[in-house]
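Undergrad: Kindly produce the complete structure, drawing on both the sequences and the hints.
Read off the chains here:
Number of protein chains: 2
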Amino acid sequence: MTKILILGGGGMVGQKLANHLLASGLSGYKALDITLFDMAFPLKQDGRLRCITGSLTNAQNITMLAQLRPDIVFHLASIVSGEAESNFDAGWQINMFTMWHYLEALKALHIGSNGAYVPKIIFTSSIAVFGGPFPEQIDDTFLSAPQTSYGAQKASCELLLSDFSRKGFVDGISLRLPTICVRPGKANLAASSFFSGIIREPLNGQKAILPVDESVRHWHASPRAAAGFLRHAATLDSGLLENRRALNLPGVSCTVAEQIEALRRAAGQSIIKLIKRQPDDTIINIVSSWPRNFTANRARALGFQAEASFDEIIATYIQDDLPNASKASAD
Amino acid sequence: MTKILILGGGGMVGQKLANHLLASGLSGYKALDITLFDMAFPLKQDGRLRCITGSLTNAQNITMLAQLRPDIVFHLASIVSGEAESNFDAGWQINMFTMWHYLEALKALHIGSNGAYVPKIIFTSSIAVFGGPFPEQIDDTFLSAPQTSYGAQKASCELLLSDFSRKGFVDGISLRLPTICVRPGKANLAASSFFSGIIREPLNGQKAILPVDESVRHWHASPRAAAGFLRHAATLDSGLLENRRALNLPGVSCTVAEQIEALRRAAGQSIIKLIKRQPDDTIINIVSSWPRNFTANRARALGFQAEASFDEIIATYIQDDLPNASKASAD
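Quick mapping for you: the protein sequence lines, in order, are chains A and B. Residues in the first sequence are numbered from 1 upward in steps of one, following the numbering used here. Residues in the second sequence are numbered from 332 upward in steps of one, following the numbering used here.
No wet-lab data here; the hints were simulated from the structure. You can trust all of the hints, since none of them are fake.
Covered by chain A, according to a simulated footprint, are these stretches of chain B (three or more residues, beta-carbon under 8 Å): (1) 475-481; (2) 486-494.
Restricting the straight-line Cα-Cα distance to at most 25 Å, the calculated cross-link-like pairs of lysine to any residue (SDA-like) are: (3) A/K3 to A/I111; (4) B/K498 to A/F134; (5) A/K186 to A/E258; (6) B/K498 to A/P279.
The beta carbon of each residue, even a glycine, is placed where N, CA and C say it ideally should be.
TA: Written as structure tokens, this is what we have:
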């Protein structure tokens, strides 16, 4: 059995990943024994998934989660960008120090096993590690100069994971996910939440708030692509990373206006009218510091794949998540 | 009085800085009240300097050093690259976590003062934050992908200092110092120690070990230039940094062969014969991951100045430090 642990497994991407693993397994690995850890599990879970509820800020949980001796850890747990910005202390404690403590706990097992135990760690970093000014398209050697606490915390985790990996204690990779869109479910506290909202809410017959200008350009991939990135990373030979273990992942670069045009093509003019302009300076300010486009050449060469257009991203949402949402609202 | 605190003030650069501050003050500041903190003070100290001995890993010292309420903190304290590489735990605790704890202590004072207290922090980072492969010359937007624990720790501190500064708790700047050369005194555990040794030892009539090939190219500035960088940073309007608070500083790019040629020009052929080739794979391996040349355009535009040639670097050593060394060996 291959033991898989998903930290933050109750969240949207964690749930997508768990369901993909149950449905399709993991290339090169036979039977999977999947454990999810999170503060809460809002959705009903498949019986084949073991779910543990708790906080990563609890030292006993860190020890327990190491002693499960997972072969592969997907580390998706964090508080979101808006929350990390408004609560500085919680952001650093939850988004950075838990990574340190967990890596320390895994290192102790590595040493205790005389080096035999070397878990794979797939960490979801973010394009928030970048801060402006940017070139039109960010290449794979552009500096990380975050302009948010969330970004600084993710960048710090990348450094920790890289150094623990270089020493051979773990075998880590950091995936700088594009902004995931269209997220199913409800809006969250992430400053990026509206990018999903302006597509999701209208498709579900509800009004949506657009807090930024339509000229804002950003970088997106679907939840399905995110689950695909994570699974691909778990099967990748990390020797190919040549000790640069943080990857800019592929995605779709488009403006909000282009997003809305794609929605019009998919669902018609009447749907578009549900989007209400309501500028929010806090969100405008945070989003203005975010990158807009990437080459992602290294990740593409390593086999990571995303959608080719925002139309595809909307189609993915309609195919994967809209039926459930419609059913839920029809209940 | 302007209260100045030099963490790591007993070390070579800290001592240079303290003596420069005593001799020339700090542009824009009147009387200086200078406190040095370090594990030890090997040299006799000027009576105008207050010296405190202790470790930054001690929580009480962290509190005490914050409660001095320094206006300007020069944070030079760290264990060197070779030691951080051989002792993983000590490296992270001393080189990274002490920064976190000290920033937290200063933040508490900032909050306690209702935001009135915002100390300047000048942190000595290092070009070890960079890891190969490199372009011929590294520009100011090149990624930090360290290949040593020391480099990863310095890069982590840059992220912490930048985020605490962005939030207004402190006003920080990280200086990515070139390898300081020619260091006076004895060889130390830094993997870079030989760069000074092959100049210093022959000039003092002693044999020196060269553990790498003469084709190795690296990036240098003198101790006098380092003290100048630190003083300039303390007087800089950090608004000019536009929230990119880590700077690649100017220096001299040259090969070991060019260093030796400069030494020949300065001191003659007979001196050169004191350099003994003795390859050391550990040092070769560490040094191979180091950068070789920088544009340092931002720092130059901000007024940071270094030597123009390695001949100048040798001349600086002869002028500033060789007389003392000669006198010491003649005692």
